[in-house]
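> Here's the letter readout for the chains.
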Amino acid sequence: MKHIDEYRDEKVISGMASTISRRKAAKPLKFMHVCGTHENAIARFGLRALLPEWIRIIAGPGCPVCICPTEDIDLASQIALEKKAAIVTFGDMMKVPATDGSLFDVKSSGGKIHVVYSPSDAVSMARENPYEEICFFGVGFETTAAPVAAAILSRPPDNFSMISSHRIIPPALELLLNRDDVAIDGFILPGHVTTVMGYSEYEDFPKKYGKGVAIAGFEPADVLLAILNLVEQVIEKDYKVFNCYRRSVTREGNRLAREAIQNVFEISDSRWRGIGIIKNSGLKLRTEFQKYDAVKKFQLRKEKESIDLNPGCLCHLIMIGKIEPPECPMFGKRCTPEFPYGPCMVSSEGTCRLHHGL
Amino acid sequence: MKRERILMGHGSGGKLMRKLIKETFLKNLDNPFLSPLSDSAVIKMGKEKIAITTDSYVVSPPFFPGGDIGKLAVAGTANDLSVVGATPLFMTLSLVLEEGFPITDLERIIQSIKITAHEAAVDVVTGDTKVVEKGKGDGIFINTSGVGTIPEKISLSMEKIGIGDRIIVNGSIGDHGAAVMMMRSGFQFESDLISDCAPLYSLIQTLLKDNSGASSGIKFMRDPTRGGVAATLNEIAENRGLGVTIYENEIPVRDSVRSLCEILGLDPLYVANEGKVLIIVNRKKSERVLEIMRGHPLGREARIIGEIQEKPEKRVVLKTRYGTSRIVDLPEEEKLPRIC
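Chains as they are written, first to last, in this note's numbering: chain A, 4 to 361; chain B, 290 to 629.
The set of hints was computed from the structure by calculation and includes no laboratory data.
No residue lacks a Cβ here, since even glycine has one placed at the ideal position from N, Cα and C.
Take these hints with a grain of salt, some might be off.
Stated by the list, open to error - Chain B side only, calculated, beta carbon under 10 Å to chain A, not exhaustive:
id, residue
1, Leu305
2, Ser474
3, Pro541
4, Asp544
5, Leu555
6, Val605
7, Lys608
8, Thr609
9, Val617
10, Leu619
Assemble the whole structure, with the sequences as input and the hints as a guide.
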């Protein structure tokens, strides 16, 4: 496949891995990526095994399913079961454990839950079923927020609404950079998020925090190039934002997508599952689109507290890169892909799920 | 609300389904013929061995590139008989039709059943029709049963699989699941994705009847349908307590299937096949078996994709093209496209 196979070429990859191994840093290095798709690529191609022992790649809060707060899933369940509206969402959301079960459980109890590939499919469903309430459960970072914004700008019919559980990346990075207990030597930024938003908003990080930042695509060569670049930044002590994904990312990003997000959403303080509320880290619908806000439309009464983490679950520490999955006593025992106890075991982008086997 | 109800994942061929079979069906119905959980039950009656199988087909949509629910029902049933070494003889056909289903579509499906039954050398000998109210079905469901006989000298079983055996597949994987997924997702792009749905009887019989000695090396066969190659290999690893190692570079996957899987974030190892067979064969006979398979139209792209090893116990490991490894776990339930 053109534009894929050349970035997976065995000779290129082994050459890059050798170059990284030959570099000599003064201390062991720990780089964090904040993207489930990066963790997926690293696990799928076994990239960690190609790196020297002195480099560790850890996963940060980059899986949109893992960080989606339980209260939002509980809300979707309540809408499906009590208001008899159809909840339409992405496949990954179906199995995430919430206070009273997952959306799969809601479906088996008679709630209407549909999986779609694109938010525009949800709008089409609303148009084709004018007598049915269709509620889109929007989850994900800037990458998914953009098509959701475009769907809202297409002026869906009145029987359409949405739950916005969208989050943005930069505030989560700042949170981690301000913690003393998570020593990170550099960040690998997600290529798709920066394709949408550009990288100008990360340019302060290297100066402010003395950490390297490399933007990477999702093929093995992209990831290794970013790691090589970060190693060199540490050795040279010359920290900057380096774009290793020039075939897709520019400084300014995709203007149309940015404008769509800005026109439809405004920044809000938002909860990240297991992490808590991060200031200015979420996206809520602007006033002019309030008629699509499912929370207002269905006026649900919260009957009990949502539980983000079950007792003993250490997903919150895994999501900030403080521990790795095997260090959690639940991992592979009470918490398995079959019956996930914590959110990181659910999605094919979840750190625990990927450590357990794809 | 815990997992007290049937979920879609209970029918996906993965861990949930296996749990249901063990904890609900086997617990109540176990007997020596059922317990091996093979594609067909093998029953000795006098000198003859009889293979019996049953299956239901609920594919949506009922027509897809390369086939339809009728072709799938006959090929699937005949294949379940063929992979235990049986000669398919008879099958039953039970239709559950939803009120409003077009009779022209039914006619097309029955024509397809006729053609595939001829190719698979089986006769449809009895049947049943039920109609359910609009909204209580999905157009058409087909249930079948199949009966065949197994020559006395043929005895295939998972128990025979041992360290050093090789794993052969007769061609590219994931074609059926990808073709159906493309239809279901309504992608508007051109693609040559086509289901591999086909009766494997002729290919398998060519192997089993070969008189050069190759057939004696064949230990076990299975058609990797739901759950794909990953599910079948995990079943072998777990059942035998051995390790299964497969080599990424050796596993044939069409570019069109790879492309769709890349878009949807899926792994072809988990995608369903309907015209593929995994054959576990003694190492010494493996090259000869491969040669015979490649001489048959359904085996031209046959490859040795892996081998049985002592470790890691009960695990399937994929050796990537870079020499690294990753675990190929049993699919826990339906594989769903990821968010981004």
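> Does B/Ser474 meet its interface restraint, that is, does its C-beta lie within less than 10 Å of any C-beta in chain A?
6 Å, holds
> Less than 10 Å between beta-carbons is the criterion; does B/Thr609 satisfy it with respect to chain A?
5 Å, holds
> Does the interface hint hold: is B/Leu555 within less than 10 Å of chain A, judged Cβ to Cβ?
Holds. Min distance 9 Å.
> At a threshold of 10 Å, is the proposed contact between B/Val605 and chain A supported by beta-carbon distances?
9 Å, holds
> Checking hints one by one. Is B/Val617 an interface residue toward chain A, by the C-beta closer than 10 Å rule?
7 Å, holds
> Hey, does the B/Leu619 contact hint survive, CB to chain A under 10 Å?
The hint holds - B/Leu619 has a Cβ within 10 Å of chain A, the shortest such distance being about 9 Å.
> Against chain A, run the beta carbon of B/Asp544 and see if the smallest gap drops under 10 Å.
6 Å, holds
> Was the hint right that B/Lys608 lines chain A, CB cutoff 10 Å?
9 Å, holds
> Under 10 Å is the threshold here; is the Cβ of B/Leu305 close enough to any Cβ of chain A for the hint to stand?
Holds. Min distance 7 Å.
> Please check whether B/Pro541 passes as an interface residue: C-beta within 10 Å of a C-beta belonging to chain A.
15 Å, violated
The structure does not agree with numbered hint 3 stated previously, though it agrees with all others.
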